[in-house]
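Top line first, the protein sequences correspond to chains A and B.
At position 206 of the first sequence (counting the first as 1) the number is 206 in our numbering, and the numbers step up by one without a gap.
At position 169 of the second sequence (counting the first as 1) the number is 169 in our numbering, and the numbers step up by one without a gap.
It is worth saying that the hints were derived from the structure and are not from the lab.
The beta carbon of each residue, even a glycine, is placed where N, CA and C say it ideally should be.
Check before you lean on any hint, since a few could be wrong.
[Said to hold, decoys possible] Just so you have them, the derived chain B footprint on chain A, three or more residues with Cβ under 8 Å:
#: 1; region: 217 to 230
#: 2; region: 288 to 294
#: 3; region: 322 to 334
[As the list claims (entries may be wrong)] Partner residues aside, some chain B positions facing chain A, computed with beta carbon under 10 Å:
#: 4; residue: E47
#: 5; residue: A144
#: 6; residue: A154
#: 7; residue: A155
#: 8; residue: V156
#: 9; residue: F170
#: 10; residue: M298
#: 11; residue: G345
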Amino acid sequence: MKPLHAWLLGLVTVLALGCTELLVPGFPHRAHLTEDRCGKPGQPPCPTCATCHDDIRNDRPQRRDDPALCRRCHGEATERLMAQVRPWSHKRTEIIFSHETHLQLDAFVGQCVACHAGVTEDGVEGEVFPPMALCIDCHDDGLRADECASCHRQRDLQRLVPETFLRHDGAFFRNHGMVASRNEGVCATCHAESDCVRCHSQGQPLGLKTILPEAIDRPLIHRGDFVARHAIEARSQQGQCARCHQPSFCDSCHLERGVSGQRRDGLNPHPIGWVGPNAGGRNHHGRAARRDITSCAACHDAGPATNCIRCHRVGGPGGNPHPSGWRSQRSPDAPMCRYCHVP
Amino acid sequence: MRLRSIEIAFAIGATSTLVATPAAAQPRSEQGVVEGEDLFAYSLHVETIGRLFRRAGYDARGSLVEGGIALPLYNFARLRIDDLDTPWGDDSVDVELGAWGNLNLAEAGPLQRLDGDVQVARIRQRFDHGYVTLGRQVRGGGAARFVRFDGAQAAVHAPFGLGLETYGGFTVLPRWNQQPGYHLLGSAAEELVRDPAVLQAPAREQHWLVGGRVYYTDDDVIDAGLSFHEQRADGGLARRTAGLDASYTPLDLFALTGRVLLDVDATEVPDLRAVLDLYPVDSVVLSASYQHLIPALMLSRQSVLSVFSTSAFDEWGIDGQWRATSWLRVGGDAYLDRFEGGAFGHRAGGHLRVSNNGAIHTVARIGYRRVQEAINGYHQLRASASLRPWPRAHLTADGFLYLYDEPISGVSSSVVGVISGGYEVARYLELLIATSLARSPYALTDVQSTLRVEVDWEGEVR
C-alpha cells in the first residue's frame, strides 16, 4: 500500500471512530431525576441533585464516579451499571466559584436548576454547565472584560475562547488587529505580547503550523500546502503578504530557486513578450506591475540595483513609470528618488 | 545583542524545570496574604521542538540535489510576571520576557548555526490613569499596523473617556528577513551574500519609529481614535501614516467597526476596512466586510517600486457561523475582489464541525474552499479530527487535498497530511509528537517529524 493511501485510510478510520463516539451517552441524569420508581413504600427515596452533589454544594471537592454514592440505591448492581455508563469526562477548566455562597442567595433559593437547567432534557448528556451570559445577568454591574481572572484561572485563559465579551468567532480573526488596538489591556488578560510576535514575527524559523499541528480549529494562514499555493494567495489578496513580510523575505527563496531578478543565471518565469511591445502591441509586465506591484517586489526590489530602473530611469527607454495622478511630498533629492532622477 | 539573545532563550529553557518547583506555586488562599508583603503572579511557558527531515531540492538548473539529515532544535520561552509592588503603587508592575533559540544539531559548517532572538523584553509600570512601558515591545492597530521596537510607550487615560497613547523607539530589524537557517541547495556564493553572519550590520540609529493615538471611549458603545505613525528606514522615510479607527456597538445585536489609513506622503488612502458583525441570535454570527487596498503603499517608501503604482482593489465579504446544536457547527465565508481594470477574483469556503463531549472527547471537521484569481485558482478539501481517548492524551489528524486550475510546475494537485499525538505527563509538562507527509508541486514526497516538549507553569509567590 502506498504511504498516501495508508494515510488516507488512517484518516477515514479516525473519522469513523469519532462518529461512533457520538452515539455513546454520558451520565443518565434524566433517568435519575425523573425516575418514578422511587419514593413509594418499599422503594428508595427519590434522588435529588444533592444526593450525589452534596459535596459541591458546600464547596468541598466533589466525589465523582464514586461507587459508594451509587451503591446506596443500586446495591450490588452498582458495578454492572457503572460499566454500562460512560460518564462525561471532558476536562472543563476550573472556575473560581462558591456554590455555597450562591445557593444561599435569594435568587437561587438553594436550587441548582437556576443555573443547571435542562439537565433532564432529551439529548443532554453529562454535566450541564451554565453559559457565562447567565453570570453576567447578575454581575453586569461590576464585571469587566479585563477581569477574567476573577473567575478563571490565569493558566486557563489562553485555552478559552470568549463567547460573551469580545467574541472570537465570525470574522474576528480577520479583524483582530483593529480590536486589539482598542483593547490592549483586555487582550493582555489572556495573551502576552510574545503571543502576538509569534504570529507576526517573520524572524522565527518555525511557523505556527509546525509548532501547533494539533490546533485543527485555529485559522492558521499558512497551513496545508501553502508553498504551492502561495502565489495564488498573493495574487488573490494583493498586498496582504506585505502586511507582515518584506519583499526580501520572498526573494530569499526565489533567489535560491533561480526565479529572482537578482540572479544573473536565473530562469525567467515570465512568458514571451513580458517585457517590451509584443506581437499584440501590449506590454504585459507594465499592466501586471500596475495591478500588483507587491508581487513584482517579491523578486525585483533591490534598491538601486532594481532592474526596473535600467529602463525606467529618466531618459530611459521604459518611460515614466509613475501612474497617472501619482504624487509625493518628498523632495526629489530624496535618496530613493535619485535612483532614477539623476541630477 | 545577538549572543545575549541566544543565551537568554536557552538559559530560560534549560532552567525552566528548576524554576518550576511545586513549592513555588501554592494557591493564594493557602498562602495567606500578609499586609505589606508583595504577592505577585508569574507564568512560564517553554517549548522545545526537535524536528527531523532530510534536505533535498532543485538547484537553479533544475537538477535534484540531495542534502543530509537535518535535526534542528528550536526553543521558545516566555516568562511573565504580573502585579509586582513598587514604591509608587501595589501590584503595579508587569514584566514580560520572550525569546527563541535555534540550533541545527545534525549539520556541519555554516548550516550548524546557533541562532536566536529576543522577541519581547518589557517592563510596564501601571498608574491609576495610565502606564509607561520600557523595553522591546509591540504596538498594533491604527496607523501603526503592527510594529516591534526597542523604546518606550506611555498612555494617559483622561476623564470623560478621553485618552492619549504615544510610543517611540528603534525599530526591531528583521535581521533574519531572509528565511533564517533555511539554506537551500543553491550556490555557496549566493548563500554567503545573504548569510546574516557576513551581512553588514545595519545602522540602527537610521531605523526608528514614533507615533501616537488620541481616543474617545464611551464604555462599550463608542470607541474612536485618531492615530499617527512615522517610521524611518536607512535614514529615509519608510512610512508616514495617519489613521482613524472607530467601533460602534449600540446593542448586543450588532457591532460596526472601521479603520481608514491615509498615507501622508502619497496623500492616498492605502487601507480602508469596515466590518459589520451581526448577532441575530446567540447561535448565529454574521459578518459583512468591505476593504479597499492599494498594494503599492504597503511597501516601504524606500522601495523604488512603491512609486510605480497606485492601483487599488476592493473586496466585499460575508462570513457566517451557526451553532446548530451543541455538537454541530456550520460555517462559511465568501469574498469577491474587484481589481483595477475590471478583473474579478473570489474566495469562498464552508465547513462542518461535529463535536462530542462524551467519554472520548471528539471533534471532526470537514471543509471545502475555493480560491480563484486572474491567473490560477484551486479547490481545497480538508478533513480533520481530534480525539481525546484518555483525559491526558489527544490524537489529531489533519488532511488537505488541493486541485489546481492550472498546473504548478507541471503538477495539478497536492496532498498534505499531518498526524499528531500528545500526552500530558504532568500538570505542567506535555509531550507531542507529529508527523507530516506531503506530495506537492515542489516535493515528490516530503516527510517530516516533530517532537515538542512543553512546560507551562504558573503560580503566585511572595
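A quick look at each hint next to the structure:
no.: 1; hint: 217 to 230; verdict: holds (count 7)
no.: 2; hint: 288 to 294; verdict: holds (count 6)
no.: 3; hint: 322 to 334; verdict: holds (count 9)
no.: 4; hint: E47; verdict: 7 Å, holds
no.: 5; hint: A144; verdict: 8 Å, holds
no.: 6; hint: A154; verdict: 13 Å, violated
no.: 7; hint: A155; verdict: 9 Å, holds
no.: 8; hint: V156; verdict: 14 Å, violated
no.: 9; hint: F170; verdict: 16 Å, violated
no.: 10; hint: M298; verdict: 4 Å, holds
no.: 11; hint: G345; verdict: 5 Å, holds
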